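What follows is each chain in one-letter form.
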Amino acid sequence: MLKPIIRNTATTLLMLAAGAILLWPPPARVAASQAKQDSLAIIVNQSNPVDNLSTAELRAVFLGERSHWPNGRRITLVMMEPGQFERDTVLHDVCRMSESDFRRRFLQGLLTGEVLVSPKTLSTPVGVRKFVFNVPGAIGYLRPADVDDSVKVIKIDGHLPSDAEYPLHVPLRAER
Amino acid sequence: MSPILSLIEAMRRHSISRFANYLFLLPVLGMLLNADVLRAQSSENGTTDQQTIKLLMERIDKLEARVQQLEAVQHAPIAVSSRKEVTSPQTAPASGPADASHQQPSTQTQAAPGAQTTSPQEHEAEPAEHAEAERMDLSKTLLRIRGFGDVTLHGDNYHPPASLQLPPDHTAFTLGQLNLFVTSDISDKFKFLSEVVFEAGPDNIYGRQRGVANTFGVDVERYLLTYSSNDYFSISAGRYHTAIGYYNTAFHHSTWLQTTTGRPLLFAFEDQGGILPIHNVGVEAYGRIPSGSLGLHYIAEVGNGRESRNPIQEEPVQNIITDKNHKAFNVALFARPTKIPGLQFGFSAYRDLLLPANQPVGETILATHAVFSTNNFEWLNEALVIRHTPVGGRLFDTPAWYSQISRRWGSYRPYFRYQYINASSNEPIFPDISLRAGPQAGLRYDASESVALKLQYDYTALRNQRAVQGLEAQVGFTF
Chain A
1 MLKPIIRNTA
11 TTLLMLAAGA
21 ILLWPPPARV
31 AASQAKQDSL
41 AIIVNQSNPV
51 DNLSTAELRA
61 VFLGERSHWP
71 NGRRITLVMM
81 EPGQFERDTV
91 LHDVCRMSES
101 DFRRRFLQGL
111 LTGEVLVSPK
121 TLSTPVGVRK
131 FVFNVPGAIG
141 YLRPADVDDS
151 VKVIKIDGHL
161 PSDAEYPLHV
171 PLRAER
Chain G
1 MSPILSLIEA
11 MRRHSISRFA
21 NYLFLLPVLG
31 MLLNADVLRA
41 QSSENGTTDQ
51 QTIKLLMERI
61 DKLEARVQQL
71 EAVQHAPIAV
81 SSRKEVTSPQ
91 TAPASGPADA
101 SHQQPSTQTQ
111 AAPGAQTTSP
121 QEHEAEPAEH
131 AEAERMDLSK
141 TLLRIRGFGD
151 VTLHGDNYHP
161 PASLQLPPDH
171 TAFTLGQLNL
181 FVTSDISDKF
191 KFLSEVVFEA
201 GPDNIYGRQR
211 GVANTFGVDV
221 ERYLLTYSSN
231 DYFSISAGRY
241 HTAIGYYNTA
251 FHHSTWLQTT
261 TGRPLLFAFE
271 DQGGILPIHN
281 VGVEAYGRIP
291 SGSLGLHYIA
301 EVGNGRESRN
311 PIQEEPVQNI
321 ITDKNHKAFN
331 VALFARPTKI
341 PGLQFGFSAY
351 RDLLLPANQP
361 VGETILATHA
371 VFSTNNFEWL
381 NEALVIRHTP
391 VGGRLFDTPA
401 WYSQISRRWG
411 SYRPYFRYQY
421 INASSNEPIF
431 PDISLRAGPQ
441 AGLRYDASES
451 VALKLQYDYT
461 ALRNQRAVQG
471 LEAQVGFTF
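Chains as they are written, first to last, in the numbering used here: chain A, 1 to 176; chain G, 1 to 479.
The hints are simulated quantities; they were obtained by calculation from the structure and are not laboratory data. None of the values given here were measured: they were computed from a predicted structure. Treat the hints with care, since some could be wrong.
To be verified - Computed beta-carbon distance windows for the label pairs: (1) A:E57 - G:L166: 24 to 32 Å; (2) A:R173 - G:F345: 38 to 46 Å; (3) G:I321 - A:P82: 47 to 55 Å; (4) A:D149 - G:Y418: 40 to 48 Å.
Every residue, glycine too, gets a C-beta built ideally from N, C-alpha and C.
So that you can see chain A by itself, here it is in the shape it has in the complex (with noise of 0.2 Å):
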């Protein structure tokens, strides 16, 4: 008579901790003071027609989604090394993926066709504001103090880096 009841009761809680582990959301990241954080400025190269992207556009562009400006030019992706705030900014807020999971993404874009230029990295702010600068279609993200006229701060949903809605933050520097 028992053990019906016990088999049951015991699936149902089995079932039902299946059901929580795999519906379990991720571990919301600890979001930094506001105060102690800069803005990652997106920027491209001066001839570039764009002057603002939504944040899925963004993402698109930065997952090789989408692979030429709306003037022709292939984008050319120029990430910072892996390790530094500012690539992790990106992977998290804009790509929404770790950076195995980046990597693995891009090579499966390259594979099937998909992506056709895999991301430049480059070690300091100088060198992708230079790259930036010399390729027509490369995009790069900076902080705003990274940031001179020879590059273009594009806007993100409508808002530039020195904006209070503006969605991208980066820790401070001397965090680090």
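Following the hints, complete the assembly by docking chain G onto the known chain A.
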């Protein structure tokens, strides 16, 4: 001697006619006198002039930067490909507004050992320059190769029917496909892609299905030259994976990228007994369709199609010659809604004419898929029907589908797949397929970013035969 004294001396020593030759000195004289005046003024307004000069120099710097930028726009490919020249001491200013003060200490430690420096300032800037130039050149190298491979330990209880006169399967270590994935950016618009695979057929022969056992052979699985005009139109010519459904174009010749140890039965390669024209030789066009957040894409293909599968051909892909003038056509349409990242759904229609024993058989393959794939969760669903119509004969429909689900926890990813193929025993093209259905369950463990270990159990029900159970352990890797 001052210019004024020189002029007086010339007047004294030479005739008037020769004196005329010195007339050009007059403007110089004027300039020198003015300079004296300016020098006098500068002593009074030195601070103001220095500020003016500084402002002018800054303006010149900006104008130079702008000119270089415009030149870079006009000669973009040259600017990228000749990056080393740009960073050489003679032309260093052309690389844009260098700012050595922003160099981080860590980047200076990456200096190229042989970097030549001519001044302390250049010494600071050059190491990073060379490091960047090397990286850029690496990514711009004409030929890039990425490798994939796997080794599998497989065992099952399959006993072939006596009519086939084949030995039973034995537990064996199996070398999987050794795949060299080669890409090349030929130019801004042209790109080359190929997969050169070293592989064994069922009788242990790499690259061929018949011959001396345990030998290697080479198979060029993909071979594509692509012209990419914009996001809305790209065209490729060569040998490609036919855009039937989702799996065939999402996963190519690499088990490492796949969650499971192998492809679904439905998408097995032709030389491994697969039922679909996985490869084709011809032309394909593809791109996005302006559709806002719906994210529509199209693919249109025309190629040689495959040689008839009955009897099973050694190489059904018609790489060089074909058995007919008729061409195979395929059209696919799919959507990737931007509001639901990871979701893709669509359909494709393929049409060809096969000639088994010179008896024409029309082939139509209708496929549909709905896929949701994110970093941690994967749910693949595909279904298709293969319709064969011998001329003057009855229609044979072969339905097939699979569903695969997996979820990742850290380095572990358990998965489950159910697959189903049901072909008539009288099917004119697939007389050997019959019914194949059953579950697969397994666990993938990513030992590192490039190495995956998989353990998988297979159960396949067969028509009028004992079900086959198998166990596989596989290590798949990329290098």
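Right, here's what the structure says about each hint:
Separation of E57 (chain A) from L166 (chain G) is about 56 Å and departs from the stated range, judged on CB atoms against 24 to 32 Å. Checked against the hint of 38 to 46 Å, the C-beta distance between R173 (chain A) and F345 (chain G) comes to roughly 44 Å, which is consistent with it. Separation of I321 (chain G) from P82 (chain A) is about 49 Å and conforms to the stated range, judged on CB atoms against 47 to 55 Å. For the pair D149 (chain A) and Y418 (chain G), the beta carbons lie near 60 Å from each other, so the given range of 40 to 48 Å is not met.
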